[in-house]
Amino acid sequence: MTDDPRAPDEAPVVAAPGRSVRGKRGLLAPVTGVLFRNQLTSIGTLLTLAILVMAAFAPFLATHDPLRTNVRNRLQAPSTEHWMGTDDAGRDIYSRAIYGARVSVRVGYSVVVLTTLFGLTIGVAAGYYRWLDGLLMRIMDALMAFPTIFLAIAILAALGPRETNVIWALTITLTPSTARIVRGVVLTLKELDFINAARALGARDLRLLVRHVVPNSLAPLIVQSTFVLGVAILSEAGLSFVGAGTQPPTPSWGNMLADAKRYLFVAPWMSYFPGVFIVLGVLGLNLLGDGLRDAFDPRMRGR
Amino acid sequence: MTTFIVRRLVVTIPVVLMVGIAAFLLVHLTPGDPADFFLDPDAPPEEIERVRERLGLDQPLPVQFVNWFGGVLQGDLGQSFHQDRPVIDMFARAFPPTIYLTITSLFLAVILAVPIGILSAIKQDSLLDRFATVFVLIGVATPNFWLGLLLIQLFAVQLGWMPAQGFVRPEEGGLAASLRTLILPSIALGYSGAALIARMTRSGMLEVLRQDYVRTARAKGIAENRVNYVHALRNALNPILTVIGLAVASLISGSLVVELVFNFPGVGRLVVDSVFRRDYPVIQGSLLLIAGITIFVNLVVDLLYAVTDPRIRYD
Chain A
25 MTDDPRAPDE
35 APVVAAPGRS
45 VRGKRGLLAP
55 VTGVLFRNQL
65 TSIGTLLTLA
75 ILVMAAFAPF
85 LATHDPLRTN
95 VRNRLQAPST
105 EHWMGTDDAG
115 RDIYSRAIYG
125 ARVSVRVGYS
135 VVVLTTLFGL
145 TIGVAAGYYR
155 WLDGLLMRIM
165 DALMAFPTIF
175 LAIAILAALG
185 PRETNVIWAL
195 TITLTPSTAR
205 IVRGVVLTLK
215 ELDFINAARA
225 LGARDLRLLV
235 RHVVPNSLAP
245 LIVQSTFVLG
255 VAILSEAGLS
265 FVGAGTQPPT
275 PSWGNMLADA
285 KRYLFVAPWM
295 SYFPGVFIVL
305 GVLGLNLLGD
315 GLRDAFDPRM
325 RGR
Chain B
133 MTTFIVRRLV
143 VTIPVVLMVG
153 IAAFLLVHLT
163 PGDPADFFLD
173 PDAPPEEIER
183 VRERLGLDQP
193 LPVQFVNWFG
203 GVLQGDLGQS
213 FHQDRPVIDM
223 FARAFPPTIY
233 LTITSLFLAV
243 ILAVPIGILS
253 AIKQDSLLDR
263 FATVFVLIGV
273 ATPNFWLGLL
283 LIQLFAVQLG
293 WMPAQGFVRP
303 EEGGLAASLR
313 TLILPSIALG
323 YSGAALIARM
333 TRSGMLEVLR
343 QDYVRTARAK
353 GIAENRVNYV
363 HALRNALNPI
373 LTVIGLAVAS
383 LISGSLVVEL
393 VFNFPGVGRL
403 VVDSVFRRDY
413 PVIQGSLLLI
423 AGITIFVNLV
433 VDLLYAVTDP
443 RIRYD
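Top to bottom, those sequences are chains A and B. Note that my numbering has the first sequence beginning at 25, numbered continuously upward. Note that my numbering has the second sequence beginning at 133, numbered continuously upward.
Rather than coming from a laboratory, the hints here were simulated on the basis of the structure. Honestly, I wouldn't trust all of these hints.
Ranges of calculated distance between the beta carbons of each label pair, as one might list FRET restraints [what the hints assert, rightly or not]:
#1 A:P239 / B:Q215: 52 to 58 Å
#2 A:P102 / B:G203: 51 to 57 Å
#3 A:L242 / B:P177: 52 to 58 Å
#4 B:N357 / A:L225: 22 to 28 Å
#5 A:R286 / B:G292: 32 to 38 Å
#6 B:I231 / A:L99: 35 to 41 Å
#7 A:D89 / B:V195: 51 to 57 Å
Backbone N, C-alpha and C fix where the C-beta goes; we use that ideal spot for every residue, glycine too.
With the hints as extra help, turn the sequences into a complete structure.
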C-alpha cells in the first residue's frame, strides 16, 4: 500500500509562487502555465479533471442504474450492452465505476480540506510558538507511529463504517504529515528578515501569521495536498475493500474490488476496471503534484 | 553511542505512553458494548452487569487504563474477550506470517529498487531512466490489493504456478512450500515499497553526483565505476536508509489489506476480525505492538545513519 505521503523528498521548501508562471495573456494564464507546464503535468491535470467530471456528471455518463440488480444478467463478460461486463448481481460495472468516482472525490477532497485546515493550524502553532511545539509534535509523532490503514480501521471500529467516518479517520491519520511540513516551513520563515522587519514595524502575531507566514506556506501546502488526495483515494479504496469503508450497495472502487475477489475464477473482468480507475486517478494526482512542486521550487526539478 | 541509544529510548517513552493512551481511548470510545456479543439481545440487566464485571468493563476508564497498561509493561496484554485466551498467545500465532511477509516484501523491494534507482541516476534521461520513471509512477499509484488480485488471476488461475490462497508455516510444511505461498503476496505488497525506494535512491544519487567532489574525482581520472559506486553511492546511502525505514512502516500497514486478499492468517486478519467482534484487548494490543515496531524501526534507522555516515556521532 502506498499510503505514505511522508516521503522525505517532499522536504519543506519555501518557494516563491508565481515564479516561472508569469503569463501576459489573460487572468488564467499563470494557472494554466503551471497546470500544463509540460507533458507529464498536463497528463496529470487532465486525469484529475477527468475524475472530477466523472463524479460530477455521473448520471449523464452512466449507461445503466448502478444499483439496479438483474439476476438473469449476472456475471456477463464485457459486451456492447455492458461495456465492462456485469457483476454478481447483474449490475452494470461501467456505471458502477463511474458512480464510484463520487465516493473517491467526496472522501478525497473532504480529507484534503480538513487535513489542510488542521495541518496548517497545528503546524503554524507548533512552528511559531516554541512552548506549543513539544506537546503538539509529540502528539503528531504518536499518531504517525500507527500505520495509516491500521489507525483508520481502529477509528472506524470506534465510529462505525460510514462515509463521514472514513473522512474523519483519514483526516486524523493524514494530518500529522501536513502539520510537519507546515511546521518546517514556518520554522524557516520565522528567521527571515521580512518577518523581523514586519515585527519591528509593530505587527502583532495574528497579523504576522495571517499576512506573512501563512501565504508563504501555501506553495508546499498545495503540493502536499495533491499527495494527500492520492493517498486518501488509495486508503478509502483499501478500507472499503476490507469492509470498513463505503458499505454496499453504494458503489466505490474499493468495495467493487471486494466483490470481484469472490468471483476471481469465473468473472475476472470484475476486478480489472475499478482498479484501472484507481490507478489512473492516483497517477494523475501524483503527476500533477510533481509538476506543481517543480513549478514552485525550481531546485527540485527532475527529481 | 550508548548515551545516544539511552537518550533516544528516553525520548521514546512519552511517545509510547501517548500511543498507549491513543490505542486505549480509540477502542473505548466505541459506541457498542462488547458484552452484547456474549449475550442474547434480551438478556436481563443483571446478566449484562455480570459479564461487564467479568470483562472488567464496570470500572472507571482511568482504572481500566492503568490495569491494562500496567499489564502491558509486564508483558501481559490481557485476555481476549472473544476466545478466552491470552492475547499474547494469539499474537504468537498471527505475527510470524505477517513478519515473514513484511521481510520478504522488503527484501524484494530493496534488491529490485536500489539497483534501478542507482542506474537510472547514473544514466539520467536514458531509456532505462524512462522505464524506471514509469515503474515508479505506476507503483506509487497501484493499490496493493488490486495488484494481488491480478497476480492471483495470472499466476494462480491462468498459469497455475502458485497457490492462490493461504500460507504454509515453514515449521509445518517446510521452507520451500512456505516460500511458494509467500511469493505472490510479497510482490503485491512490495511493489509500492520498491517504487518509493527506487525514487528516493535515484534522487539521492542525483543530488550527490552533482557535488563538486564527484567532479574532482572524475577530473583526477578515477574510473567512472569507482566514482559512481564508491564515491557517490556511499554518500547517497542516508536518504536511501530513511526511505527504507518509511517503507517498512508502509509495508506493515499494507500487509493488513494484502493478507485479506490472500487469506493469510496474519495480524491483518486478526485485527479485522477483532474489530468486528469488539475484542478490545486484541485491538489495543495489536495497535500498540504495531506502533512499537514502527518506533523500533525508526530507532534502528537512526542508529544506522552513524554507520553509513561517520560524520554523525551520537555523543
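Hints, verified against the model:
no.: 1; hint: A:P239 / B:Q215: 52 to 58 Å; result: holds, 56 Å
no.: 2; hint: A:P102 / B:G203: 51 to 57 Å; result: holds, 56 Å
no.: 3; hint: A:L242 / B:P177: 52 to 58 Å; result: holds, 57 Å
no.: 4; hint: B:N357 / A:L225: 22 to 28 Å; result: violated, 58 Å
no.: 5; hint: A:R286 / B:G292: 32 to 38 Å; result: violated, 20 Å
no.: 6; hint: B:I231 / A:L99: 35 to 41 Å; result: holds, 38 Å
no.: 7; hint: A:D89 / B:V195: 51 to 57 Å; result: holds, 54 Å
Violation of the numbered hints given earlier is confined to hints 4, 5; the remaining hints are satisfied by the structure.
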